[in-house]
Structure formats: C-alpha cells, structure tokens
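J.: Letter by letter, the chains look like this.
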Amino acid sequence: MGRYREWQGTATHFTGKEEWSIVRRNQVSRFIGRNIELFTFSLPAVIYIFVMAYVPMFGAVIAFKNYEYDKGILGSDWVGFQNFEFLFKSENAFRITRNTILYNVSYMLLTTVFALLVAILLHEISKKWLKLYQTAMILPFFLSWVVVSYITMAFLDHQNGFLNGWLTALGFEKVQWYFDAHVWPYILNVVHLWKSIGFSALVYFAGILGIDAELYEAARIDGARRWQMIWNVTIPQLTPLIIILLILSIGNMFRGDFGLHYFIPNNNGMTYSTTDIIDTYIYRALSTLGDVSMASAVGLYQSFVGFVLVVAANFTVRKINEENSLF
Amino acid sequence: MPAHKGFRWSTLFIHLFFVCLTLTMVIPLALIIIVSLTDEQSILHNGFRVIPDNFSTTAYHYFLKTPDTLLRAYGVTILVSVIGTTLSLILTSTMGYTLSRRDYGLNRVTSFYVFFTMLFNGGLVPFYILMTRGLQVKDTLWAMIIPGLLSPFYVLIMKGFMSKIPYEIIESAKVEGAREWRIYAQLILPLSKPALATLGLFIMFNFWNEWFNAMLFIDNQKLVPLQLLLVRTMNSLDFITSRPEFASAMVSFDMSQFPSTSAKFAIAVMSAGPMLLVFPFFQRFFVKGLTVGAIKG
Numbered sequence: 001m002g003r004y005r006e007w008q009g010t011a012t013h014f015t016g017k018e019e020w021s022i023v024r025r026n027q028v029s030r031f032i033g034r035n036i037e038l039f040t041f042s043l044p045a046v047i048y049i050f051v052m053a054y055v056p057m058f059g060a061v062i063a064f065k066n067y068e069y070d071k072g073i074l075g076s077d078w079v080g081f082q083n084f085e086f087l088f089k090s091e092n093a094f095r096i097t098r099n100t101i102l103y104n105v106s107y108m109l110l111t112t113v114f115a116l117l118v119a120i121l122l123h124e125i126s127k128k129w130l131k132l133y134q135t136a137m138i139l140p141f142f143l144s145w146v147v148v149s150y151i152t153m154a155f156l157d158h159q160n161g162f163l164n165g166w167l168t169a170l171g172f173e174k175v176q177w178y179f180d181a182h183v184w185p186y187i188l189n190v191v192h193l194w195k196s197i198g199f200s201a202l203v204y205f206a207g208i209l210g211i212d213a214e215l216y217e218a219a220r221i222d223g224a225r226r227w228q229m230i231w232n233v234t235i236p237q238l239t240p241l242i243i244i245l246l247i248l249s250i251g252n253m254f255r256g257d258f259g260l261h262y263f264i265p266n267n268n269g270m271t272y273s274t275t276d277i278i279d280t281y282i283y284r285a286l287s288t289l290g291d292v293s294m295a296s297a298v299g300l301y302q303s304f305v306g307f308v309l310v311v312a313a314n315f316t317v318r319k320i321n322e323e324n325s326l327f
Numbered sequence: 001m002p003a004h005k006g007f008r009w010s011t012l013f014i015h016l017f018f019v020c021l022t023l024t025m026v027i028p029l030a031l032i033i034i035v036s037l038t039d040e041q042s043i044l045h046n047g048f049r050v051i052p053d054n055f056s057t058t059a060y061h062y063f064l065k066t067p068d069t070l071l072r073a074y075g076v077t078i079l080v081s082v083i084g085t086t087l088s089l090i091l092t093s094t095m096g097y098t099l100s101r102r103d104y105g106l107n108r109v110t111s112f113y114v115f116f117t118m119l120f121n122g123g124l125v126p127f128y129i130l131m132t133r134g135l136q137v138k139d140t141l142w143a144m145i146i147p148g149l150l151s152p153f154y155v156l157i158m159k160g161f162m163s164k165i166p167y168e169i170i171e172s173a174k175v176e177g178a179r180e181w182r183i184y185a186q187l188i189l190p191l192s193k194p195a196l197a198t199l200g201l202f203i204m205f206n207f208w209n210e211w212f213n214a215m216l217f218i219d220n221q222k223l224v225p226l227q228l229l230l231v232r233t234m235n236s237l238d239f240i241t242s243r244p245e246f247a248s249a250m251v252s253f254d255m256s257q258f259p260s261t262s263a264k265f266a267i268a269v270m271s272a273g274p275m276l277l278v279f280p281f282f283q284r285f286f287v288k289g290l291t292v293g294a295i296k297g
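Protein chains in written order, with this note's numbering: chain C, 1 to 327; chain Z, 1 to 297.
These aren't lab readings, by the way, just hints derived from the structure by calculation. Beta carbons are placed, not taken as given, at the ideal position from N, Cα and C, and that holds for glycine. Hints may be right or wrong, so weigh each one.
Covered stretches of chain Z (chain C as the covering partner; in silico rule of three or more C-beta atoms under 8 Å from a C-beta of chain C) [unchecked claim]:
| id | region |
| --- | --- |
| 1 | 42 to 55 |
| 2 | 177 to 187 |
Incomplete in silico selection of chain C near chain Z, CB under 8 Å [stated by the list, open to error]:
| id | residue |
| --- | --- |
| 3 | Phe31 |
| 4 | Phe81 |
| 5 | Glu124 |
| 6 | Thr135 |
| 7 | Ala136 |
| 8 | Leu143 |
| 9 | Ser149 |
| 10 | Phe162 |
| 11 | Gly223 |
| 12 | Arg226 |
| 13 | Tyr283 |
Same shape as in the complex, but just chain C (with noise of 0.2 Å):
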C-alpha cells in the first residue's frame, strides 16, 4: 500500500506535455505489470462468474420473446411486454406474489423472535448441557428438504400418518392434509421454523458469545438481576446484528424457499392457492408445462424486484449505520 502510494507521488512531478503520453504509458505498463499476478489468480473465478452470473443475465431478454427451441434465444421473436401483460392478467401473478411475500414476513418474524429466545436461553445453561441442545437443536439443518419432506409424510399421510391415527384415537374426524389448503400456512411455518431454528439461535449465540463480559460484570455489581441483564445488556447489545439480519431478509422478499414450497406440500395442485410461490410457479411452468418465454417473464419479475427490495434494503441500513451496510 504504502510504495503504491508513494509511486503515485512521484508520477505527478512529471507535467510536461510532450512527456505525458510516455508516462501514461509507462504508468499502463507499470499497472499491469504490477497487478497481472493476481488477476491471473482472480481469473479463474473471473471467467466462472461470467460464465455462470452475467451470460444469463443477458438471457433475460428471453422473456420479451417468443421462445421457439430451434430458434434459440437470439432468433426467436421479440414480442414486447406480450409475456408480462399475460403474466399479471392472470391471477396467478398477484397470487404467488402474495403467497411469496406473506411467507417470507411469517418466517422471517417466527424464526427471530424464537432464535432470539433460544440463544438468549442457551446462554444461561452450562457448558455440559449447551453442547447436547446445540447438537439436537441443529440436526435439521443438516437434512435436505427432500428428507425432511419423509419426515412430513409420516405425519400427514391420509391413510397411515401419526396425526391421523392420533386425532381418530381421540375421536376426531381424519383430516386430508394434502388436500386441504387451509392448513398449509400453519404446516408450512412449523416446518421452516423446525428446520432452521438451530442455524439462527446458532448464530445469535454467536453474537452474545461476542458482548463484552464486562458489560454483564458491571450489571452484577449493580445488582441486577438475571432478566435484567438480559433486557438492558444481551438486548441492547444484539440490536444492531438483529437489524442487519431483518434488512437482509426483507431485501430477500422476493426469493422463495423452493425445497420448502416444493417438497412438503408434495407439490400437489389442490393446495397451490396457499403454497405456491415464485420459485415453485417458475419451476412448474418450465418443467411441465413447458412454457418457457412465460417462466422467464415471471423470473425476470422476481430477480428485478428483488434486485429493487436489496438496493432499498442496503439503502435503509446505511442511513442508521453506515458501518452495517453490504455496499
């Protein structure tokens, strides 16, 4: 840093005008010279990023086309906003939109206030038993959706589930779950907030672990009790981590979990009016129904809004604390 700096300083000195081309030149060379080792290393990842982030990106201009295979992206005709105009004159787009955006405001509060509460517990407890409760609490985290869905199954199946044989012990009627959307905002909830618990309580643990002892050293001499130390240091202290945490999520409004939306409901068309979102819409209308100019409008609508919600969400944190904010 410090002879970058310095041979900055020097370059200025020359100011003639016959010289200056020499010692752009000169400054050019000496620019890459310094710097074409680490591109070189950069440039592998340089080339996959391109590759995989920006030639798709281009790709999006699919969604004003007519998509025809043999054609190709750069062939097919263009139509406009003809694909967008279809999208939103359906009810499916307000539909997923809404699903998209009430799901992820429910898991995102249900998963802090309990990951909050669980790390602040955990807190509390030895040693011994802290690693026993991490260990259980984060078991989940570990299996995929598609795992997990099993797991759903053994409880909601209509015919052999737990749940039904536990309501028919008790008298009850048997429910169909699948086939019933009414439960699945509940369904849902519970298993999103039973799989990723563990992860966030993990990580606001980890920043209670980062509080300053002496803060909670100070509360004792001033004698203030355990639920004291809790509401006027541990809160306090993990305010400005929850916040980030909550500007992230809402800046990721827009992106559905698809393992989740996919997998539990056993995608199934009965419950589509509650769990159907973005990324499971654009899923189906690629895979089965085949329509692709239609998937892309509606996954250029996704990245476009999302891409907005993100540039606000970073613009809110800065404003509080510039320190906090991604870029």
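Mind docking chain Z on chain C? Use the hints.
T.: Structure of chain Z alone, referenced to chain C:
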C-alpha cells in the same frame, strides 16, 4: 457467561424448555426410523404407530439384497461432493485472496463484479438454457458440480478471513523475492486453514444435499445421486423395483409381499442416516464458521 450458583427455579425451567426442544427435534427422526422398521401388515391395519404391533426388517432386507441402486447413488453423491468441494475451494480461495489484497489495482472493480451477482441474476430459464445448450452438460456429473462451484457469499467470508492476515507477511515475502503464487500457496493457504475447513464443510454439505440441479438435468439412471433417488422414490418405488437387477435378485422373494410403505422410509433412513451420524463431529466447525466473520465479512 453469567454464572449463577446454587439451585434456581429459572434454571430448571430453562432446562425443561430445552428438553422439550430437543425432543421436538429428535422425535420426528426417530419416528421415520420406527416406520421403516414396521411390519407392512401392521401399517395396513393400524397405520403408523409410535410403538408398532410388529417390527420387521424386511424393507431393509430387500435393499441389502440388491444394494446396487443405493450404492450407485452414494457413489455419485460422494464423487460430486469431493470434486465439487475441491474445485470450489480453489475458486473461492483464489478469488478471496485477490480481493483481500488491498494493494491489488483492480480490487474495487473485481469486488463489484463478484458481488453484483448477489443482487441480480438472470433467473432459472436462461440458466437452464445455458446449462443444456451452452455448456451441454445435461446428463453428466458436471450438471451437478458446475452450478455450485462459487458463491459470492463464501468469497465474502474467505476475503474477510484473509484480510486479517497481516500485510507485512506478504510484503516481507515479496522483499525476499517470492512470487505471488508462492506467497499464496506457501503462506496464505496454510494460514487460512480454519476458513478453508469451515467453508469446505459448508460447500461439501451443499453438494451432498444437492437435488435441484439433479432434478433439472439428470435423466440417466446411472447418474442419479442420493437426493434425487429420494425425490423419485417419494411418490413411487417403481424407480427401484422396476430395475432389472432388482427383479432378478427378487426371484426368491414373493413380490406381492413387498413392503412398499416401510421400504420408502427405509430408503430415506439409509440415505440420510450416515450423514446424521457423521455430522456431530463437524458441528464445532459450523459454530466456528459463524465467528470467522460470517456476518460482517
């Protein structure tokens, strides 16, 4: 940690809370093991029971008789995880290292180039077309490896960790005439072992649990990984029972007795089980990873 001595009611309640929580996490897992061990006739008569009338290991016998499908799926998953993790760590660490060097002239440009992809993406359709028509990796192992090779988020963590390595170390190596690749290989990588281990595990788990790309791109029965095997057996066991190896091995069995329900769960147990036994050993790395700088980068 606020230490409290002696018995307190609040401590008892906290433990009670955590015991309930632990049970909530563990019981569902125990239940699918029980279902996989339940006799098919008991399921037909009584549905799933926490304590079934008759236990039976028939479901497992069927699969252990013809382990080919399952072993193959394990093989594919392991291969994808190992190749994927190795390549991913190379990409992540080289990019993370470049970005951690504040004296790198293209630092800001490259940072933007990498992290912009976190904000905006082309969506599923262009990705699908790229993979199938552009890279032509449909029905190859690469279809499961390539998409997960680099995550900007992991680059951020790697960069955060490597930035903490004092610049003087790099500078003094340079003064002694070491080239960049030597500094990277002999100084930076050994010093970054904790970050490499943590990220390596995260990446490995992602590859292990990968089903999305497999669902999109894999039709070839020979390349089906564990998770896709589970997706396919979820709705019917035909995927396994219609295989010729299975039929030929089953001559001695009465196929009408095939325990189709418990067999499904047996497959789930056999594919998720081993990982759940191994993972507690890795858990501390995950916790460490959170403190490596996951939040602030």
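J.: The structure should be examined with respect to each hint, and the outcome stated for every one.
T.: Comparing the hints with the structure gives:
Closer than 8 Å: that is the beta-carbon criterion, and the region 42 to 55 of chain Z has 6 residues meeting it against chain C, so the requirement of 3 holds. Here's how the region 177 to 187 of chain Z fares: 4 of its residues keep a CB closer than 8 Å to some CB of chain C, so the rule of at least three is met and the hint holds. Hint status for Phe31(C) relative to chain Z: holds, with the closest Cβ pair at about 6 Å, below 8 Å. About 16 Å separates the beta-carbon of Phe81(C) from the nearest beta-carbon of chain Z, more than 8 Å, and the hint is not met.
For Glu124(C), the interface hint holds, the least distance from its beta-carbon to any beta-carbon of chain Z being 6 Å, beneath 8 Å. Annotation: Thr135(C) was flagged as interfacial toward chain Z, and the flag holds, the nearest CB pair being 5 Å apart, inside 8 Å. Given hint, Ala136(C) at the interface with chain Z, holds; its Cβ is 4 Å from that chain's nearest Cβ, closer than 8 Å. Taking 8 Å as the C-beta contact cut-off toward chain Z, the hint placing Leu143(C) at the interface holds, the least distance being around 6 Å.
Residue-level restraint check for Ser149(C) holds (minimum Cβ-Cβ distance to chain Z is 6 Å; threshold 8 Å). The criterion of a C-beta within 8 Å of any C-beta in chain Z is met by Phe162(C), whose closest approach is roughly 5 Å, and the hint holds. For Gly223(C), the suggested interface contact is broken, since its CB lies about 13 Å from the closest CB of chain Z, more than 8 Å. For Arg226(C), the interface hint holds, the least distance from its beta-carbon to any beta-carbon of chain Z being 6 Å, beneath 8 Å.
Interface hint at Tyr283(C): satisfied, since its Cβ lies 7 Å from the closest Cβ of chain Z, which is below the 8 Å cut-off.
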